[in-house]
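Chains as they are written, first to last, in my numbering: chain A, 1 to 301; chain B, 302 to 602.
Since the hints were derived computationally from the structure, they do not count as laboratory data. Where hints are given, some of them may not hold.
Said to hold, decoys possible - Quick list of simulated restraints, FRET-style, between CB atoms:
| no. | chain 1 | residue 1 | chain 2 | residue 2 | range |
| --- | --- | --- | --- | --- | --- |
| 1 | A | G100 | B | E474 | 34 to 42 Å |
| 2 | A | Q43 | B | N445 | 17 to 25 Å |
| 3 | B | G396 | A | E292 | 47 to 55 Å |
| 4 | B | I411 | A | I110 | 36 to 44 Å |
| 5 | A | Q43 | B | E384 | 52 to 60 Å |
| 6 | B | E474 | A | W289 | 35 to 43 Å |
| 7 | B | Q371 | A | G85 | 37 to 45 Å |
| 8 | B | Q344 | A | W289 | 27 to 35 Å |
Stated by the list, open to error - Chain A regions said to be covered by chain B (calculated; three or more residues, Cβ under 8 Å):
| no. | region |
| --- | --- |
| 9 | 12 to 26 |
| 10 | 171 to 182 |
| 11 | 187 to 201 |
| 12 | 226 to 238 |
| 13 | 256 to 269 |
| 14 | 286 to 294 |
Glycine included, each C-beta is placed from N, C-alpha and C at the ideal position.
There are 2 protein chains.
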Amino acid sequence: MAYLAKDLGIIYEFNKENQPTKVVDSGTTLTIETFDCFTDQIQSEDDVMSEIDWNQVNPATGPVFVEGAQPGDILKVKIEKIEIGDQGVMAVVPGLGLMGDQIEKTEAKIMPIKDEKVIFNGVEAPLTKMVGVIGVAPEGDGINCGTPGAHGGNMDNTMVKEGASLYFPVAVEGALFALGDLHAAMGDGEVSGSGVEVAGQVTVSLDIIKGEKIIQPILENEEVFSQIASGKTFDEAANLASLLLIERIAQKSGLPTTEVTMFMSMLAQLEVCQVVNPLKTARLSVPKWLLENIGVSLIEK
Amino acid sequence: MAYLAKDLGIIYEFNKENQPTKVVDSGTTLTIETFDCFTDQIQSEDDVMSEIDWNQVNPATGPVFVEGAQPGDILKVKIEKIEIGDQGVMAVVPGLGLMGDQIEKTEAKIMPIKDEKVIFNGVEAPLTKMVGVIGVAPEGDGINCGTPGAHGGNMDNTMVKEGASLYFPVAVEGALFALGDLHAAMGDGEVSGSGVEVAGQVTVSLDIIKGEKIIQPILENEEVFSQIASGKTFDEAANLASLLLIERIAQKSGLPTTEVTMFMSMLAQLEVCQVVNPLKTARLSVPKWLLENIGVSLIEK
Numbered sequence: 001m002a003y004l005a006k007d008l009g010i011i012y013e014f015n016k017e018n019q020p021t022k023v024v025d026s027g028t029t030l031t032i033e034t035f036d037c038f039t040d041q042i043q044s045e046d047d048v049m050s051e052i053d054w055n056q057v058n059p060a061t062g063p064v065f066v067e068g069a070q071p072g073d074i075l076k077v078k079i080e081k082i083e084i085g086d087q088g089v090m091a092v093v094p095g096l097g098l099m100g101d102q103i104e105k106t107e108a109k110i111m112p113i114k115d116e117k118v119i120f121n122g123v124e125a126p127l128t129k130m131v132g133v134i135g136v137a138p139e140g141d142g143i144n145c146g147t148p149g150a151h152g153g154n155m156d157n158t159m160v161k162e163g164a165s166l167y168f169p170v171a172v173e174g175a176l177f178a179l180g181d182l183h184a185a186m187g188d189g190e191v192s193g194s195g196v197e198v199a200g201q202v203t204v205s206l207d208i209i210k211g212e213k214i215i216q217p218i219l220e221n222e223e224v225f226s227q228i229a230s231g232k233t234f235d236e237a238a239n240l241a242s243l244l245l246i247e248r249i250a251q252k253s254g255l256p257t258t259e260v261t262m263f264m265s266m267l268a269q270l271e272v273c274q275v276v277n278p279l280k281t282a283r284l285s286v287p288k289w290l291l292e293n294i295g296v297s298l299i300e301k
Numbered sequence: 302m303a304y305l306a307k308d309l310g311i312i313y314e315f316n317k318e319n320q321p322t323k324v325v326d327s328g329t330t331l332t333i334e335t336f337d338c339f340t341d342q343i344q345s346e347d348d349v350m351s352e353i354d355w356n357q358v359n360p361a362t363g364p365v366f367v368e369g370a371q372p373g374d375i376l377k378v379k380i381e382k383i384e385i386g387d388q389g390v391m392a393v394v395p396g397l398g399l400m401g402d403q404i405e406k407t408e409a410k411i412m413p414i415k416d417e418k419v420i421f422n423g424v425e426a427p428l429t430k431m432v433g434v435i436g437v438a439p440e441g442d443g444i445n446c447g448t449p450g451a452h453g454g455n456m457d458n459t460m461v462k463e464g465a466s467l468y469f470p471v472a473v474e475g476a477l478f479a480l481g482d483l484h485a486a487m488g489d490g491e492v493s494g495s496g497v498e499v500a501g502q503v504t505v506s507l508d509i510i511k512g513e514k515i516i517q518p519i520l521e522n523e524e525v526f527s528q529i530a531s532g533k534t535f536d537e538a539a540n541l542a543s544l545l546l547i548e549r550i551a552q553k554s555g556l557p558t559t560e561v562t563m564f565m566s567m568l569a570q571l572e573v574c575q576v577v578n579p580l581k582t583a584r585l586s587v588p589k590w591l592l593e594n595i596g597v598s599l600i601e602k
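This is chain A alone, in the form it adopts within the complex (with noise of 0.2 Å):
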């Protein structure tokens, strides 16, 4: 199976201008190895905070080259399966996250993880691997790797886990697909701006979609199609996803927009990746049955 060492090269901004690190046809199977999201910089909790260099947060491994991917194409990345090491740490910074102005201090926490628990405090809890940065080179400047947008990046979605299908609209030639910033748990919404941050490898599948185009990225599971958008504010990122996920059903079943919005406001659940990150990210998700039942396909694979 493909490989992809993170001593390769990482990325610190999606960016056209990047020289990939690995170059996949489409179809292939790659496991990509990660650096935690502070490049594995804190390894206890001695290591004072202050001289953590924040230039080097949210790497994201590669760029990898999908042969074949052109602008206006989708890149299908599945989630096969994400392994994590056995230490996470989390942090609380001044300024970060909803609690940023009761934070005095940046402060760091080492968290064993063992038998598929994160331990701390005494407290054992189940983990929930999920992927916080993942995306393709944008079409014009580069986007430092802590911020969502149109391309994917810091979404911070509990939702891409091992399982998820992610939707890319592919911009630059070869996509430029990278991922990293591993947490081993987190909640949606990422209150503290941090999740319980790991180093690991995850193996994902890259498959070009041709013929079909999405704004802003998608998300499969076995239950739902997932709109995700980024904006601003929250508020602004919900409005755009469920613009853009209402259109895409009106369109593709012939329904009014009156009619698919009631569907929605019914059955669809507008859920929070995140409200920590320089943009907002927010995801409204549709159960599979009802697009079957209206006779949708959200996207033709």
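Fit chain B to the known structure of chain A by using the hints.
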């Protein structure tokens, strides 16, 4: 069992000046009959929406005066049972909800309810019965029943369903509790601004808790405690919910705020009640198993 008919009186505003239509003791189980959110004005799709009296929306039945309730107490409201009529109505209205600027004219659909399903466009959707408007009178000026706040009101929280308990901060003598605006089905967010609106009746048990204070409503079900908060934007509501929940847990557990913040970022879920009313409503839900592990009773009973 005590019964309160809707014909005895409804309110369109939670207001300390409202005259009670029922007086009960703490510990009473009471069935409250409710109009739908249009005060039952729309009975067929031929009822012209332009003739709707928009001053008669979101009625709540009551208020109920609970003997012994004093400002500073908590009113616990357990939702024992929700019974609904055999047809619902859903509307889209220009300017209302996330798709409001795409809607050209007000349109309503009647949706039959049969065998625990709501039927729309040939699709049979499972019921997710909930209470949209529920609360107590605020201390100061009255608050329209379409708006949520510290007093409860139009929170449109899908977790307000059978089996859940709500805790409200009592602001006036007798609490002046009321509820209405049942939904046969609604997704988190209430994207269109309307659930499947339906008349019905709700059986609640009402209990006064003394010696403990809350600032905004808290919800409890079998799995979680959930801090609810409303604000001008969803982001503001989310900030307030986080601050209130984290400070409460820190105070009751003796853990530093930083460590409670980490626990919440790891294990609590920031969720959307609604983003379509004059104020937006967030909830932050923390699993009970975590609270038990760190020795916290969020509400002493």
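Hint by hint, work out which the structure violates, then give me just those numbers in ascending order. Structure breaks hints 2, 3, 4, 6, 7, 9 and 10.
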